[in-house]
Amino acid sequence: MKLIKTLMVAAAVAVAAPAALATPPEASAMEAGAGEILVAKVNGLVCDFCAQSIRKTFGKEDAVQKVYVNLDKGEVRIDLKPGKSMDDAAIEKLIRKSGYSLVSIDRNAAK
Amino acid sequence: MPPRYLVAGLALAAVAAPASARPVSYAGGWTLMQENNGMYSSLHAHYSPTATDSIGLYVEQNWDMDQTFTGLQYNRLVRRWNAPQSQGNVYFKLGAGVADPFEGGDAELASFAGLAADWETRRLFVSYDVRARDFGPDESVSHSARIGAAPYVAEFGDLHTWLMLQVDNNPEADEPVTLTPLVRLFQGPFLLEAGYTLEEEEFLLNWVWRF
Numbered sequence: 001m002k003l004i005k006t007l008m009v010a011a012a013v014a015v016a017a018p019a020a021l022a023t024p025p026e027a028s029a030m031e032a033g034a035g036e037i038l039v040a041k042v043n044g045l046v047c048d049f050c051a052q053s054i055r056k057t058f059g060k061e062d063a064v065q066k067v068y069v070n071l072d073k074g075e076v077r078i079d080l081k082p083g084k085s086m087d088d089a090a091i092e093k094l095i096r097k098s099g100y101s102l103v104s105i106d107r108n109a110a111k
Numbered sequence: 001m002p003p004r005y006l007v008a009g010l011a012l013a014a015v016a017a018p019a020s021a022r023p024v025s026y027a028g029g030w031t032l033m034q035e036n037n038g039m040y041s042s043l044h045a046h047y048s049p050t051a052t053d054s055i056g057l058y059v060e061q062n063w064d065m066d067q068t069f070t071g072l073q074y075n076r077l078v079r080r081w082n083a084p085q086s087q088g089n090v091y092f093k094l095g096a097g098v099a100d101p102f103e104g105g106d107a108e109l110a111s112f113a114g115l116a117a118d119w120e121t122r123r124l125f126v127s128y129d130v131r132a133r134d135f136g137p138d139e140s141v142s143h144s145a146r147i148g149a150a151p152y153v154a155e156f157g158d159l160h161t162w163l164m165l166q167v168d169n170n171p172e173a174d175e176p177v178t179l180t181p182l183v184r185l186f187q188g189p190f191l192l193e194a195g196y197t198l199e200e201e202e203f204l205l206n207w208v209w210r211f
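Just so you know, the protein sequences line up as chains Z and Y, in that order.
Mapping to the working numbering: the first sequence position 57 is 57, numbers consecutive.
Mapping to the working numbering: the second sequence position 164 is 164, numbers consecutive.
With the rest of the complex left out, here is chain Z (with noise of 0.2 Å):
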């Protein structure tokens, strides 16, 4: 019986695993009825050092959930908690306290 159970475990972890992984972070954010979801174009994102500055930088901000870099679009999304916000000045900030330069903000990116 433990091991009919185990291998029903485990088949419904093999079906649901992949349609879970290919489901994009957007998405899932916006499913689990998250915070805003903002995505900043950022130049001179060319190493992991940089993308490491901006995730610690951010993730200092108690707005912040989550800080995502795309290195290959020069773009950083930004996942704010339920209920909090952050205006386009202190992103800005951060953006240069982490060293780079801020291009645009997009706050309809996850829409």
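The set of hints was computed from the structure by calculation and includes no laboratory data.
One thing to keep in mind: the hints can contain errors.
To be verified - Example chain Z residues on the side facing chain Y (calculated, C-beta under 10 Å, incomplete):
id : residue
1  : V42
2  : L45
3  : C50
4  : R55
5  : T57
All residues carry an ideal CB built from backbone N, CA and C; glycine is no exception.
Chain Z is fixed; fit chain Y onto it per the hints.
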């Protein structure tokens, strides 16, 4: 950055030797950097209070000068060019401390100053570094330049690989100009470089940890 800057960088690389990985971190960031080559072994531990400054301990065992330098090093990011696909930097470095001869004798006040410039995209890298040392009775000026290319473009968190050629110019050394082919491996907060200096038959091993 306009192509003329790339041409200027390549020209500098042709005459000179390695700018280390960037000596200034993000505001609040710490960095450990270690370099080992035929001329010296060094350790630099620094803290960046801002995105344009860092200060920390610098220790160098210099085999050419037979001295150990121990002191403080200040690094200033003089200028950064952030472009959509590239980044260029100019750094100023200043160190002050004491130099102890290997063979004993009195330690003397010592200092060094350096200027470094780099420019990179996710495919190309070029850098130039000049450093003047005044270690008591010994003074020297050394140049270092690099050119590098990434055989593939990796995303954040993946392993980045760079193939580089370093040219060093130490006018007072037995081999004033040396070539060091090297491999740079870079992932997240860790950077590791391994190379071999052809003329001196010495290995190069550098690493950086940023946190």
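Outcome of the hint check:
no.: 1; hint: V42; verdict: 8 Å, holds
no.: 2; hint: L45; verdict: 8 Å, holds
no.: 3; hint: C50; verdict: 7 Å, holds
no.: 4; hint: R55; verdict: 9 Å, holds
no.: 5; hint: T57; verdict: 5 Å, holds
Going down the numbered hints, you'll see the structure goes against none, and every one checks out.
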